[in-house]
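2 protein chains.
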Amino acid sequence: MEKIVVDLMGADNKPEVLIEGAIKAANENSDVYLYLCGPKTDLEKYLKDFKNGNAEIVDCTEQITNYDKPVKAFKTKPNSSLVKGLNMTRDVEDIKAFVSCGSTGAVLVSSVFILGRIGKVRPALSPILGGKHEFCIVDCGANVDTRIDELLDFAKMGKAYMEASGVEDPKIALLSNGSEPGKGNDLVKEAYTELSKMEGYNFIGNVEGKNILSSDAHVIVCDGFAGNIALKTIEGTALQIVGGLIEYGKKNNCIDVIMKAVGEIMNKFDYNTKGGAVMLGVNKLVIKGHGAAVGETIYSIINQAYKLSKNKLIEKIKDNLNG
Amino acid sequence: MEKIVVDLMGADNKPEVLIEGAIKAANENSDVYLYLCGPKTDLEKYLKDFKNGNAEIVDCTEQITNYDKPVKAFKTKPNSSLVKGLNMTRDVEDIKAFVSCGSTGAVLVSSVFILGRIGKVRPALSPILGGKHEFCIVDCGANVDTRIDELLDFAKMGKAYMEASGVEDPKIALLSNGSEPGKGNDLVKEAYTELSKMEGYNFIGNVEGKNILSSDAHVIVCDGFAGNIALKTIEGTALQIVGGLIEYGKKNNCIDVIMKAVGEIMNKFDYNTKGGAVMLGVNKLVIKGHGAAVGETIYSIINQAYKLSKNKLIEKIKDNLNG
Chain A
1 MEKIVVDLMG ADNKPEVLIE GAIKAANENS DVYLYLCGPK TDLEKYLKDF
51 KNGNAEIVDC TEQITNYDKP VKAFKTKPNS SLVKGLNMTR DVEDIKAFVS
101 CGSTGAVLVS SVFILGRIGK VRPALSPILG GKHEFCIVDC GANVDTRIDE
151 LLDFAKMGKA YMEASGVEDP KIALLSNGSE PGKGNDLVKE AYTELSKMEG
201 YNFIGNVEGK NILSSDAHVI VCDGFAGNIA LKTIEGTALQ IVGGLIEYGK
251 KNNCIDVIMK AVGEIMNKFD YNTKGGAVML GVNKLVIKGH GAAVGETIYS
301 IINQAYKLSK NKLIEKIKDN LNG
Chain B
1001 MEKIVVDLMG ADNKPEVLIE GAIKAANENS DVYLYLCGPK TDLEKYLKDF
1051 KNGNAEIVDC TEQITNYDKP VKAFKTKPNS SLVKGLNMTR DVEDIKAFVS
1101 CGSTGAVLVS SVFILGRIGK VRPALSPILG GKHEFCIVDC GANVDTRIDE
1151 LLDFAKMGKA YMEASGVEDP KIALLSNGSE PGKGNDLVKE AYTELSKMEG
1201 YNFIGNVEGK NILSSDAHVI VCDGFAGNIA LKTIEGTALQ IVGGLIEYGK
1251 KNNCIDVIMK AVGEIMNKFD YNTKGGAVML GVNKLVIKGH GAAVGETIYS
1301 IINQAYKLSK NKLIEKIKDN LNG
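Chain order of the listed sequences is A and B.
Each residue of the first sequence is one higher than the last, beginning at 1 in this note's numbering.
Each residue of the second sequence is one higher than the last, beginning at 1001 in this note's numbering.
In short, the hints are calculated from the structure, not lab data.
No false leads were slipped in.
Restricting the straight-line Cα-Cα distance to at most 25 Å, the calculated cross-link-like pairs of lysine-lysine (BS3-like) are:
(1) B/1183 x A/75
(2) A/260 x B/1250
(3) B/1183 x A/69
(4) A/14 x A/75
Next comes chain A alone, as it looks inside the complex:
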């Protein structure tokens, strides 16, 4: 049985909305056990919906929001769902994973402080995206100034991550300003040389912005600054196009057709159905879902946590970093 702590606070939606996803996940999978962190008074009434009885509530009276400074919040809100949930994750040996849709900064800082890093690795934030196939970008913003050894660690952790996600011999690429070898800033050029030499790593070269969503890569390695810009630019561009299409549809009496088309296409890009970003490099599995999470998001990140835990992601990361 995989025991997972679920932080139901700190997202845009209320715990009562998010718990729907936990109910669905727990009812579909009796091999999962959930510790639901949130206000007991509001959530208790939902316990009867867990048909397998595989969930309990961890009463939390404080909330950390996007307005809290991450370090301060972690220190001053011990009864928050985030801090209490992470403490529990650290202290109970057979709890394998912690999932949250709260403030990215707070989840990052608190995970590192409470769970600790694997060796001296710099933890990285890595979401799954849907393109030609599902792939991850490591790092998407945990480290904005990255050294070469850290970039290589990202490749090692990304490989473990995609293997634990079910991909055999994942293809690894570097995000660069052109796909040709020799393209890149100093950091990327050095990483290119080093990755080419790493045995057991299926390094396929550079991928440029234009091809992020259409490349063969399963792991796209980059510094957190570039990765954050790439990830958010994908999101922003999609939003602009969809917004424009909807406006067009309304003006031209074809909104039904447009909405169906958009719905179908965007499903591919919808992070709600693809789980969350994994905090690679901390001692237990931590998954951060989008702040605008709905029940479906929680459902998918619980499933993702179950799968990655079953497939021993943390052990694989440790092996790769030490290998």
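Dock chain B against the given chain A, drawing on the hints supplied.
Here is chain B on its own, set in the frame of chain A:
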């Protein structure tokens, strides 16, 4: 009269396709005079179409392609449209501008070698994009490792660029991994502090990837590596979505509706109608259009060159860099 050199070779399409745009531009504006660089034998028959007689052909027998190494090409192909055209631009005092849709690397290298830089500035490549309003990104790939003083020069040149494009007191932003002050890698954080202090610059703070297309900024300043990734990620995401929509339309018998909607929306993002990327920082105006240019692209970059030249872009850049 504004004299402009037009390189009709090196793009994906033939000179005979691109010259259509030159004809349209010259016929609409008798205050422009065009030097058309390309093979005389193929192009001569089009001269009769220039109703104002404001064009002549500069016979060029060699072509520089994307397969040529920029530095080598520049040295070994003196009769190419690129090298011959740039030499002419340098040597004839009242030629104000050079436009090309050839290889970016070759245009970059040859411009700097032949026309020279303004002072010691690092030239930057800056395209115009359509979002909330038209805006430029400086730099988009000419400099992949950028220092703080160079980033500030990009802001100075970007301001001149948008002013010469007709924007009063352009808003200037930094591309970062979050919109809040304090976000950014070391370079961006330092640039934030410096830009905040620069008098006469309407600095509005950070813009993140998600908001590139929806921000208030007229100038987005970034190192060329991040800028290249942002620009190409916008392009790649748009292509993926449009491709998906067309596929959906074909499958679901609504391709006509979809194509009309896509056509309308993408017009906003269409670089063919917005001119090309300006090589900011060289001694004369150089505009690089997209390699997949059609006649309409040439038409729009000639108009862009005319406007920027009339509005004294180069002089404005010199003022800002020395100010």
